[in-house]
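Asks: Protein sequences, first through last, are from chains A and B.
Residue numbering for the first sequence follows our numbering, beginning at 341 and increasing consecutively.
Residue numbering for the second sequence follows our numbering, beginning at 677 and increasing consecutively.
For the record, the hints were derived by calculation from the structure and aren't laboratory data.
Some residues of chain A that are not near chain B, with every Cβ distance over 10 Å (derived):
# : residue
1 : P403
2 : K409
3 : P410
4 : L418
5 : G423
6 : L438
7 : A466
Dumping the calculated SDA-like pairs for lysine to any residue here, alpha-carbon to alpha-carbon at most 25 Å:
#  : chain 1 : residue 1 : chain 2 : residue 2
8  : A       : K409      : B       : G752
9  : A       : K409      : A       : P445
10 : A       : K409      : B       : F757
For the chain B half of the interface with chain A, some residues (derived, Cβ under 8 Å), not all of them:
#  : residue
11 : M682
12 : M717
13 : L774
14 : T775
15 : L781
16 : F787
17 : T789
We put the beta carbon where it would ideally sit given N, CA and C, even for glycine.
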Amino acid sequence: MVDASEAPRPRPQYCLHIRSAPYGTSGPAEAFRVVQAFFAFDHAVTVLFSDDGVLSLVRGADPAPIGMKPLSEAFSELGGLWGVDIAVHRESLEERGLSVEDLVPHQEDAPAYRLVRTSELEALLASHKAILRF
Amino acid sequence: MKIGVMLLSSPYQTEDADTALHFVEAALARGHEVAGVFLFMDGLYMLNGKVATPGERNLPQELAALASRVRVVGCGTCARFRGVVKADLIANARLAGLTDLLEMLDGCDRFVTFGG
Chain A
341 MVDASEAPRP RPQYCLHIRS APYGTSGPAE AFRVVQAFFA FDHAVTVLFS
391 DDGVLSLVRG ADPAPIGMKP LSEAFSELGG LWGVDIAVHR ESLEERGLSV
441 EDLVPHQEDA PAYRLVRTSE LEALLASHKA ILRF
Chain B
677 MKIGVMLLSS PYQTEDADTA LHFVEAALAR GHEVAGVFLF MDGLYMLNGK
727 VATPGERNLP QELAALASRV RVVGCGTCAR FRGVVKADLI ANARLAGLTD
777 LLEMLDGCDR FVTFGG
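Model the full assembly from the supplied sequences, consistent with the hints where possible.
Replies: This is the structure in structure tokens:
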């Protein structure tokens, strides 16, 4: 693994696009596993949350009563990892009555969430070699 | 062109598995190289050789036929979560970790996800 203090953030080749709601399907949780694998093998990656996928980042979610582990805290830690860029679709937040203040805070020193408008999505997605949708 | 494919959903529940198979067949027929098919999440059920479909298309066996020409790999963790063991697998397929997915991604020009 690369020490974050020594290496500049590279341009990610791969994008994990999370569109499904947490806990409703295993998609976001499996995407989290894939991000960990990318990080372990020094692959830079963009994680884009849109549609119901933005709910994976909402602070205060407690899935313990249904026997599941909270994903939001796990995802919030990703932004501080080398090579992991977290992007959030602004309109998906707004359509659900949410703002960035409703999302779990990043770790200290981690870059803020990159808010992406609908008009910017095409360019963002096209800038990657491959997109994995969950 | 080198193409990679990932399937996330189970056969028969949706059309995704059918479409993924047809996509791979069409790519091969057009002379493209298919770097591999990765079965992830419920897509893993496509590796279950015990699937029986009297009078209907048997999608896992269709994939087995392709697996003699194309690398077919399933997520080992997904298999454990779904009770699919090596002895159940269709011919020419194997279980592996996410490192295989990364290798597949690195080795292809285009990567297409079905069922996401």
